[in-house]
Amino acid sequence: EDQVTQSPEALRLQEGESSSLNCSYTVSGLRGLFWYRQDPGKGPEFLFTLYSAGEEKEKERLKATLTKKESFLHITAPKPEDSATYLCAVQVAGANNLFFGTGTRLTVIP
Amino acid sequence: DGGITQSPKYLFRKEGQNVTLSCEQNLNHDAMYWYRQDPGQGLRLIYYSQIVNDFQKGDIAEGYSVSREKKESFPLTVTSAQKNPTAFYLCASTKDRRPMNTEAFFGQGTRLTVV
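Going line by line, the protein sequences match chains A and B.
Those letters in the first sequence? Residues 10 to 119, per the numbering used here, in order.
Those letters in the second sequence? Residues 53 to 167, per the numbering used here, in order.
Note that these hints are calculated values from the structure, not bench results.
Errors might be hidden in some of the hints.
Unchecked claim - Facing chain B, according to a computed beta carbon distance under 8 Å, are these residues of chain A, among others:
no. : residue
1   : Asn-105
2   : Gly-110
3   : Thr-111
Even glycine gets a Cβ: it sits at the ideal position worked out from N, Cα and C.
Whenever a hint applies, use it, and build me the whole structure from the sequences.
Written out as structure tokens, the structure reads:
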């Protein structure tokens, strides 16, 4: 059964304290892995797409990496405005939608 | 500015009522999707449409109906047959008709509550 697991469920960081969020997946044929940011009461906002193991993408303080079993979202020197829920989703070969994890709720304390 | 507009932001439904959630996009995207989000669960697909006048059931279509009469619009009706409709509903679109292979744009959501 296709499965996407995100950890931790919640993470509290001091401003400037770097850390990583994990998205592990067990799917039959990965076509793409997506990271989204979601603010409370809002729709998800696209961050990155990764397609193959070894691929990396960066945007400001965020860097996403992909292996054959998991993806990491590294946050370097976070700021309070980085506080949000970060969602991971995978697209599986032959499927017609994205399969989402439950998210990691990040809080960055000033 | 291009984007997806969902309305209303908050909706209250009485038991036994049907309600319709609106989703409009001006991105000229081919494909549109409806997701449901519940606390502690990932987004789950209700319906999707890759072209006008055609739509497909997602993982949790029971108790819901959709239409796609115009490229820009993809309304979702929550019927009285949906046993647990209280949730946050999200509409999304992608430029490509191929399923979700590209960046998806999401609306701001409609929070539906049964009273």
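Cross-check of the supplied hints:
Interface restraint check for Asn-105 (chain A): the shortest CB-CB distance to chain B comes to about 4 Å, inside 8 Å, so the restraint holds. Interface hint status for Gly-110 (chain A): upheld, as the beta-carbon distance to the closest one in chain B is roughly 5 Å, under 8 Å. Satisfaction of the interface hint for Thr-111 (chain A) is found here, the shortest Cβ-Cβ separation to chain B being roughly 5 Å, below the 8 Å cut-off.
Checked against the numbered hints given earlier, the structure satisfies every one of them.
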